[in-house]
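**Q** Heads up: the sequence shown begins at 353 in the working numbering, then just goes up one per residue.
For the record, the hints were derived by calculation from the structure and aren't laboratory data.
Misleading hints may appear alongside valid ones.
Under the rule of at most 27 angstroms between Cα atoms (straight-line distance), these lysine-lysine pairs were calculated in the DSSO-like manner [unchecked claim]:
#, residue 1, residue 2
1, Lys-361, Lys-487
2, Lys-426, Lys-364
3, Lys-447, Lys-591
4, Lys-355, Lys-395
5, Lys-573, Lys-551
6, Lys-395, Lys-426
7, Lys-364, Lys-395
8, Lys-447, Lys-395
9, Lys-364, Lys-447
10, Lys-591, Lys-426
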Amino acid sequence: MSKSIVLLKRIKIHNANAQSGPYSIGFPAMTAWLGAAHALQRKLRRDPRFDDLEELMFPSLGVVCHDFMLHTYKDRHQFEQVIIGTGNPLDKSGKRPSFIEEARCDLTVSLVLEYDADDDADLEDAVHQNLPMLKIAAGDLQPFSADQIQIQQIRSEQDYHALVGELMPGFCLIERRDIMQQSMEAGQDALDALLDALKVTHHCEVDNNGKTSWHSGRQQKGWLVPIATGFQGISPLDKAELQRDPDTPHRFAESMVTLAEFIMPYRLDSLEQMLWHYETDLNNNLYLCQQS
């Protein structure tokens with residue numbers, strides 16, 4: 353299937369939100385990446401300098417990570433890591449004010465934005481002018497050049513392999529909720545299924561000569577991580593006092609967490625396998641970011 357993409361190549365993000373879900377910190381949630389694509393779409397469509405982009409759509413997004421540094425510290429005598437917090441100014445009494453610890457990270461990523469537009473002649477220039485005004489995953493974009501923004505047409509397998517070459521070396525985030533589904537179908541609780549897939553077990557073996565060897569591993573092979581992929585409504589649609597938009601119904605929601613896997617792009621057979629998109633299931637009150 354032919355697709356038109358905007359490739360944001362190796363952009364650096366400083367102080368991104370590493371609160372990847374209610375249970376863990378790490379790579380930013382998928383809701384943050386698709387939210388950034390949606391914010392860019394809205395900004396481009398409202399820019400009066402580019403009237404030909406009023407119908408622009410970014411229906412899906414792929415994320416490839418090249419570098420990642422979590423802001424944590426671990427002393428050589430410590431077992432657990434601690435979050436590196438901000439040094440807030442002293443209050444009137446000379447003490448540090450209370451604050452909520454925020455997990456942050458610096459990362460370098462390539463974003464593959466699928467787009468749909470009647471005319472894309474000004475798209476590259478429009479992205480270059482509007483992208484620096486946005487935050488991505490609550491992080492600040494570092495200066496980048498126009499060469500890092502590329503418009504590409506993926507019409508053949510050869511075009512896709514050329515794209516993969518530009519994304520290497522890197523790790524693409526792929527949804528793996530199938531691992532949790534297998535455990536849950538066997539009667540396991542969702543949270544237990546998540547933790548069992550992530551935990552590392554250690555066991556020792558003794559050979560015939562009495563030599564002991566230790567082995568460590570997980571249930572599944574691969575670089576598995578927990579990731580927030582959407583929300584589930586926990587209240588009916590209604591009006592709320594002092595809500596931000598008086599015309600849009602409001603509802604309370606909780607975060608949805610599942611498993612994802614980092615794999616190198618060359619292991620994927622097609623562009624569709626790396627793209628995430630919005631999916632709504634109103635019957636179950638689900639607002640998700642998922643893959644086909």
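**Q** For which of the previously enumerated hints does the structure constitute a violation, in increasing order of number?
**A** 3, 6, 8, 9, 10
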